[in-house]
Each structure stands twice: as C-alpha cells, then as structure tokens.
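Novice: Sequence:
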Amino acid sequence: MSRLASRLWEYPPRAPAPPEKLPAAHNTLSIKILTRSMSTFQPVLSSRLETGAYYKDKTTSSLEPRSIHVLPTELLIYIFTLCEELPFRRDTPPIRAIGKLMLVCSQWRILILDTSTFWRHVSATPNFAWLTLCLERSRGCTLDLEVLAPRYANTDALALILPHARRIRSICAYLSVWRDQYEMLRPLFDVGMPCLEFLELTPIGTFQFPRPITPGSWNEPRLSISPCLRWLVAKQISSSGTSWRSLRQLKMSDTLQPRECCTCSISDLIRVISHNSSLEDIVLHFSRHLQYPPPKWTRGGEDDLLSAATQALPRISLRRLQALSLQGSLWFVSTIAQHLDFPADIPNVNIRVRRKPMDDTSEQVVVRLLMSRFRPVLERMTDMVLAGDQESQARLYSPRPRWPARRAVHNSLLYFSLEDSEETPLEGAPLLIPVEARLRALVSAMSSVQVRSLAVHVSLTRFGPAGVPEAAAAMEFWAAVFDAVPSVEHLRVIVPPAAFPQLRVDLVELVRALTPAGLGEETLRDHLALARCPLLTRLSIHGELGCGPGPESLNAVEALADCVRMRAGAGAPVDDLDLHFWHRKYSAQALDEAHRALLAQASPFVGRLVCKFGVSAGCRSCLRM
Numbered sequence: 001m002s003r004l005a006s007r008l009w010e011y012p013p014r015a016p017a018p019p020e021k022l023p024a025a026h027n028t029l030s031i032k033i034l035t036r037s038m039s040t041f042q043p044v045l046s047s048r049l050e051t052g053a054y055y056k057d058k059t060t061s062s063l064e065p066r067s068i069h070v071l072p073t074e075l076l077i078y079i080f081t082l083c084e085e086l087p088f089r090r091d092t093p094p095i096r097a098i099g100k101l102m103l104v105c106s107q108w109r110i111l112i113l114d115t116s117t118f119w120r121h122v123s124a125t126p127n128f129a130w131l132t133l134c135l136e137r138s139r140g141c142t143l144d145l146e147v148l149a150p151r152y153a154n155t156d157a158l159a160l161i162l163p164h165a166r167r168i169r170s171i172c173a174y175l176s177v178w179r180d181q182y183e184m185l186r187p188l189f190d191v192g193m194p195c196l197e198f199l200e201l202t203p204i205g206t207f208q209f210p211r212p213i214t215p216g217s218w219n220e221p222r223l224s225i226s227p228c229l230r231w232l233v234a235k236q237i238s239s240s241g242t243s244w245r246s247l248r249q250l251k252m253s254d255t256l257q258p259r260e261c262c263t264c265s266i267s268d269l270i271r272v273i274s275h276n277s278s279l280e281d282i283v284l285h286f287s288r289h290l291q292y293p294p295p296k297w298t299r300g301g302e303d304d305l306l307s308a309a310t311q312a313l314p315r316i317s318l319r320r321l322q323a324l325s326l327q328g329s330l331w332f333v334s335t336i337a338q339h340l341d342f343p344a345d346i347p348n349v350n351i352r353v354r355r356k357p358m359d360d361t362s363e364q365v366v367v368r369l370l371m372s373r374f375r376p377v378l379e380r381m382t383d384m385v386l387a388g389d390q391e392s393q394a395r396l397y398s399p400r401p402r403w404p405a406r407r408a409v410h411n412s413l414l415y416f417s418l419e420d421s422e423e424t425p426l427e428g429a430p431l432l433i434p435v436e437a438r439l440r441a442l443v444s445a446m447s448s449v450q451v452r453s454l455a456v457h458v459s460l461t462r463f464g465p466a467g468v469p470e471a472a473a474a475m476e477f478w479a480a481v482f483d484a485v486p487s488v489e490h491l492r493v494i495v496p497p498a499a500f501p502q503l504r505v506d507l508v509e510l511v512r513a514l515t516p517a518g519l520g521e522e523t524l525r526d527h528l529a530l531a532r533c534p535l536l537t538r539l540s541i542h543g544e545l546g547c548g549p550g551p552e553s554l555n556a557v558e559a560l561a562d563c564v565r566m567r568a569g570a571g572a573p574v575d576d577l578d579l580h581f582w583h584r585k586y587s588a589q590a591l592d593e594a595h596r597a598l599l600a601q602a603s604p605f606v607g608r609l610v611c612k613f614g615v616s617a618g619c620r621s622c623l624r625m
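Everything in the sequence shown is counted per the UniProt record's numbering, starting at 1 for the first residue and increasing by one.
Read the hints as simulated data drawn from the structure, not as lab findings.
Only a predicted model underlies this, so the values are computations on that prediction, with no experimental measurement involved.
Among these hints, one or two may not hold up.
[Claimed, not checked] Label-pair distances were calculated between CB atoms; the ranges are:
1. 608 x 49: 52 to 62 Å
2. 81 x 537: 46 to 56 Å
3. 383 x 191: 43 to 53 Å
The beta carbon of each residue, even a glycine, is placed where N, CA and C say it ideally should be.
From just these sequences and the hints, can you work out the full model?
Specialist: Structure (structure tokens):
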C-alpha cells in the first residue's frame, strides 16, 4: 500500500479530457446578430467594470487588519514608551510592563534589550542585582532616580549609583527627616549632576515613622538633616556653576513640625530659581518661614508687609513656566510671586495662603498683593467655584474638566485658598477672620472678571458681626457676592451635608438676595437693571433638608417661588431651574402637598423645572466639583 501511495504521489493520474463541442443549432445566426448589436456598449461596460474592481480592491485592502509586528521600529519604541511612562512607587519598577512585552516574541525582546531608554529608571532599593542590570543596560542614557520611604532607601544602593551621578536626569526623594535619610543624598549633590532636569524633595511626616525619644533629642537641630537649599546654590557646590542651569521641574517642601525652623534663607531659593530660567513646573510648599525676619504684627503693618515683599532681590523671567504652586504664609507667597515674571497665559496656578497670628493679613492686603499679580490668570477663567467651610477656609478655583488632559499636558486650572493656621493666636494678635469675610475678599477680586458660570460650594457658620442679626448678615454677604459677578449666566449652589445642618436659613437668604427688592408688583417689569445678575438663566440648587421635608425647607421653597416670580416680572426670568433636595433617612417620604403647591406656583414662570428628592448617600456626584 505504501508503494502504491508513493507511486501515485510521484505520478498522479491525468485529468479527464474536456467534453466535445455541441453541434451548432439553427438559431446561431440570431445569436451572432444580437452579439454584434451589443458590441457598441462593450467599451463602456469594460471601463465601468475596471473602475468598480479598482475601488473594490482599495476598500478591501484598507479594511484588512494589520499586525503590530509589521510596524516600523521607531513607532514600536514610541508605543512601548507609553507603557514605560507609567508611574511607580516603592519597589515596583516601571520595567514590569516592559518585561511583559519582552515575552511576546523574540523580536520585541531584542528591541527592548537594545534600547537603553527602557532601563533608565533606577531605585535605591536593596535589590542590587536588578540595580546593576539597569545601570549596565542604560549606558549612554540619562537616569531617573527614585529614593522612596525609609524602609526602601538603601545607602549601599546609592553607592552603586554615585559613579553614574553625572547622567542623572531626575531625582524624586520621599524620605524621613528623623532618621537622617536626606544625608544619603548629599554625595550626589557634592559630585554634581549637570544633566539634572527634575528635582523633587519631599520630607515624609514623622507620624508614620516614630522616632525613639532619647535624652537631649528634643534639642537637636531638625532641619539640618532635611533637604537644604544651600545644596543647590552654585557657589557652595564643589563642581562648576553650570551644574544648575538645566532644571525644568523643581518641587520642594518642608515638614509641618511646629518646633522646626528652616535654616535657609529666601535669597537662596530665589538664587536657585534664577539659575534655571527654563523651569516649567515650580512647586514650593513651606509651612514655616525661611530664615528672613518677617514684619512684626502691628495695626499699621501693611506698609511693612509691602516693603518686605519688594526686597532688593533679582526679578526672574520664566517664559516657559506652565505650572506654579505656592503654599505658605502670606509673606512667603507674596515675596516669591513678586520676584517671578511668568507668562500671562500660564495654564496652572495653585496658591494656598496660611494666615499666621503674627501677620497683619487683612483681606484687602491679600487682594492687593496676590490678586493684582495673578489678574491675567483670573481674567481668562469664565467658570469659577467659590467654596468655604466651617473651618474658616475660603477657596476660589476653576472646575476640573470632565475629561483630564493627556499626560504631561497641564489643564487650565486656578486654585486660590485662604485659611487660618493651626497655631494658637498670640496675645494681642487679631482673632480668626470668619469665612464670610474671606469669601467676600475673594469675590471682590472677581469684580472685573466676566464670570459666566459660578458654583457656590459653601457651608457657613452661624455667626455674624456683633449686634447684627444673622439673617441680615447672611443677606448682606450674598448681596455682595452677586453684585461682584453681574455677568453670571449659570449659578449652581451646592450645600455639603454637615454634622449639624444649619443651611436652610443661608439658602433662604441666598434666594432673597437674588430677588428684586424694594419694588412693587406694578413697577417690576420696568426695572431690569435693579435685578441682581440680570443675565442669569440657569439656576441649580443642591441642598440638604435634614431628616426630611419640614418648615425650614418649606420656607426655602417659598422664597424660591417668590424669587422666580418676581424675576420674571422684572424682565430677568430663569429659563432652567434644577432643584435637588437631600434627606438623611431612607424612610423619609417624598415632598408633601405644601411643597408641591409652591413648586406648582413657580412652574409657570420657569421654562424648564426639574425637582429631585433623594438620600444624601446617593448625591455624591453633586459634591464632585
């Protein structure tokens, strides 16, 4: 059988002969005549068939799936770089994603092994074999160094990295100040890192890693072991001054310990920034004063504060700056802001001022010193959020976009915060300023800004000036807010739930501030200018009703119905009204007939009315601003 099979394979049988032609029929002549008559259309038909076949081949070829293996090498490296840019922390290296790609095929493995940029991330961990491998495979490429947490930082690992210090591109250090962690970075600064572009030094709080108390430990200088600015000053580095001319990102902060006092001066910080004019991202968070005598607190200390902010320090031009984040005292933030010359269209600004009892920080001084410097940034923000809470913290910021930007692209955001320090006020120092005064100061800075959309995210305290009723003080506050933003078109009021909700009175006064006051029914239609925010067309109120609908919520709905009716008569109607009421008990019933009757009275004066009633736990999306 095997011989027969092999013989058939070598000598296959011949194909059968084609069938013989059939004899011609009697109607052959008619067929020939018909063929001759259609011969005139043959060129047209053939051209159409060729055109259809051409487009058919194009469509089929464009829809055919192509393998990623046929892509060019440059495009493959770019795709792999996106996986390599994923952030990592602790002992999980970013090469983990690249390592999985190496298992796909031998071509990818060879490509990744031959590309030195995929091995540039090194971490000072006790894994010496992996560290040595990365240093060897990243020859001819800059390095990204991360020194993270006391439990993972290792001095022997840094000793292996020290010979490669001249090709370090970035340093990210999260270390503790209690265990002399930052001293291990000192040799890197002494050797010099001319390729350094990104520097981030962030001390870790001492509450996570307690230090054993020894005799005399409370008198030790704490900041001597934390990252010092004098390490970055060119004249105090053994290498040449050109080592500090290429920084693109600078992030530094101090600890929050009340006993610590920074031993560096603000002139050192200004000098470091002046040596790096190509900075794109600056983050400076200093809760304590640098070594420079701030003006003492006096009743007339505003001039001293202005003179302190305009010391004879160099003015720095940063034309590439894309993000600026300053946190600290008013003296620190104002001094840094006065000496930085950044572009007016800077996309990201984050300012957080902590008021200390020793500072004479009246709200007008804050507006004059800071808001005048960031006026171009504020003028292009048409959507703003005004927020405040019971902890005397006032915030003015722009809402985050629904879809975040791509990596390494800053969103156009503005964040400005005024808050009190946690320190106890000294004797003779002014008391804490209530949040209403801080919010009023921030709103006064927005008087020249064309705000189109305003979100009010507040939870105010229940006190006002001495001798003034609470309702009158609240109404005066909201009137000042709405007078400062007359061009607002969309107003969204969000009241976060509190332990003891005291919001119904504030909500009533807010609605009454929007109601045209002092006008009779017959004169409302002729007084458009007397209505606050005449361009307001959309009003959204998200508030808590406590344990269910009651008399307080009834007063709020009644005030809202009167506001809508009177604004329609004054020529400033509300086209879209969105009400979202919260309650705390799942067993609470829906709105009663009294609430429904008031809403029915308001519906003829509104183009679109939407009312929702739900539990607070299901309204978390309202709080995400």
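Novice: Can you name, in rising order, the numbers of the hints this structure does not satisfy?
Specialist: none
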